[in-house]
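Chemist: The primary structure of each chain is shown beneath.
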Amino acid sequence: MKRKIPLVITFIVGIVVIISEFIPHKPFGRISGELENWYLIIAGFAIILGQMNLFKVNLFKIRYKQKNWQFYIITLISFIIMVSCGLFWGTENNPGLFGNAESITSVVGSKPFDYLFDNIYQHLQATMFSLLAFFIASAAYRAFIARTLESNLLLIAAILVMLGNTSLGSSLTCWLPENLKFLHLPNISSFIMKFPTTAGQRAIMIGAGLGIIGSSLRIILGIERSYLGGE
Amino acid sequence: MEHFFSVLGIWLGALFTFAIFSFLYKDNPFYKVAEQIFVGLSAGYWFVYTIFFILIPNLFDPISQDIGANWIKLFPAALGIMMLMRLIPKTEWVSRFPIALIIGTTSGIFFLRYLKSDVINQLTATMINPFAGSDPVTIIGQLMLVIGTITGVIYFYFSKKHEGAFGVTAKIGIYFLMISFGAAFGYTAMARISLLIGRLQFLLGDWLGIISP
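The listed protein sequences correspond, in order, to chains A and B. In our numbering, each residue's number is its place in the first sequence (first place is 1) plus 6. In our numbering, each residue's number is its place in the second sequence (first place is 1) plus 5.
One or more of the hints may lead you astray.
[Said to hold, decoys possible] Taking lysine to any residue and the SDA-like style, the derived pairs with C-alpha atoms no more than 20 Å apart in a straight line are:
1. K95(B) / L178(A)
2. K200(A) / I179(B)
3. K10(A) / K200(A)
4. K121(B) / K10(A)
5. K95(B) / K200(A)
6. K187(A) / K95(B)
7. K200(A) / V151(B)
8. K121(B) / E42(A)
9. K71(A) / K95(B)
10. K10(A) / I152(B)
FYI, nobody ran anything at the bench for these hints, they're computed from the structure.
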């Protein structure tokens with residue numbers, strides 16, 4: 007019962023959504039539209055569930071004094087501060103439970119939630135991703151050891167694309183005569199992106215698309231049941 | 006007072022930038038603190054975003070304004086609450102019903118979306134006359150596009166052993182995939198370096214004022 011009903015729900019819902027594409031009239035079109043609205047609302051609750059689970063997991067780590075447990079206190083505090091600021095005083099265009107925070111805005115310059123977002127969150131996010139530049143450089147050193155034809159192609163394509171998108175690359179080949187303009191680095195970069203890269207991306211998209219279609223069918227028909235969890 | 010908070014914001018940004026960059030030396034408490042603050046703020050941000058931009062406009066506003074016309078939205082609300090019961094081990098099974106609805110809808114939507122955009126549309130876009138171009142470079146490019154797509158798809162066919170003529174075709178497919186990965190790698194590296202330049206501009210411009218922003 008606990009497993010069969012969810013399987014029936016998945017089957018009916020999946021089939022209705024697919025049928026509505028081919029029969030967009032009543033009742034399928036309307037049911038499908040309503041289901042997509044429901045999906046949005048339940049997905050919202052799923053995100054809330056994720057945040058609450060993060061809170062719970064961190065709380066357990068602190069309670070049982072797991073390794074580096076002190077740092078998880080910081081996670082919880084920053085989570086509570088961000089949520090409180092957002093819910094009590096709202097965001098840029100949305101009032102919170104305590105109104106629009108005019109008095110705080112006149113002192114700080116923006117709402118507390120936006121202040122935290124602009125001055126801490128954005129900086130942390132940008133720095134965290136920029137950190138990857140260093141790791142990508144070290145990964146490139148290992149990946150670009152040109153031993154085979156495949157790694158040579160990878161190396162040459164990456165270098166040409168990078169050079170073609172910088173002013174240095176453009177200035178290196180700007181002296182080329184008109185009839186050899188196709189060898190100008192920005193043109194080579196554009197050619198690589200337009201033709202061979204598109205071909206590779208299309209092959210991946212078609213392969214992945216077929217895989218997703220197969221997986222969707224397996225789920226709708228109840229062959230794939232791992233999402234229900236084990237019991 | 007507003008100026009003070011503006012300056013404080015810049016100093017906080019600089020402090021956290023250095024805390025994250027300190028990881029380049031080795032893992033240390035400053036990095037760990039900044040990392041955990043990032044996790045907490047990120048989770049908090051998405052929590053608030055979900056409330057204000059998903060649940061209020063799609064659920065709370067319609068129900069509070071006209072429940073007679075929007076009573077049907079009480080069903081997804083109930084399913085949403087059932088989803089939250091996953092947090093309690095004893096009632097975890099209740100969350101299977103909303104999960105089943107989400108998985109069923111997603112499967113149906115993905116089946117149609119990927120069939121159209123990733124399979125049919127991509128195949129249609131590949132079935133071109135490669136010799137229809139005005140110059141030799143375009144003709145060569147279009148030939149590469151057709152050959153690369155077909156051989157690339159053949160590479161992903163694993164039900165037959167890659168040997169003989171089939172193996173050669175799959176090998177050509179790998180070459181196109183490698184060029185594609187190389188180009189993607191180049192773009193990713195450039196995007197990360199541009200972020201790094203952005204951080205240096207913030208430190209040298211907004212924080213230290215050495216360069217003009």
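Chemist: All hints, please: hold or fail.
Modeler: A quick look at each hint next to the structure:
no., hint, verdict
1, K95(B) / L178(A), "68 Å, violated"
2, K200(A) / I179(B), "18 Å, holds"
3, K10(A) / K200(A), "49 Å, violated"
4, K121(B) / K10(A), "31 Å, violated"
5, K95(B) / K200(A), "55 Å, violated"
6, K187(A) / K95(B), "70 Å, violated"
7, K200(A) / V151(B), "12 Å, holds"
8, K121(B) / E42(A), "18 Å, holds"
9, K71(A) / K95(B), "25 Å, violated"
10, K10(A) / I152(B), "47 Å, violated"
Of the hints listed earlier, those the structure fails to meet are numbers 1, 3, 4, 5, 6, 9, 10, in rising order.
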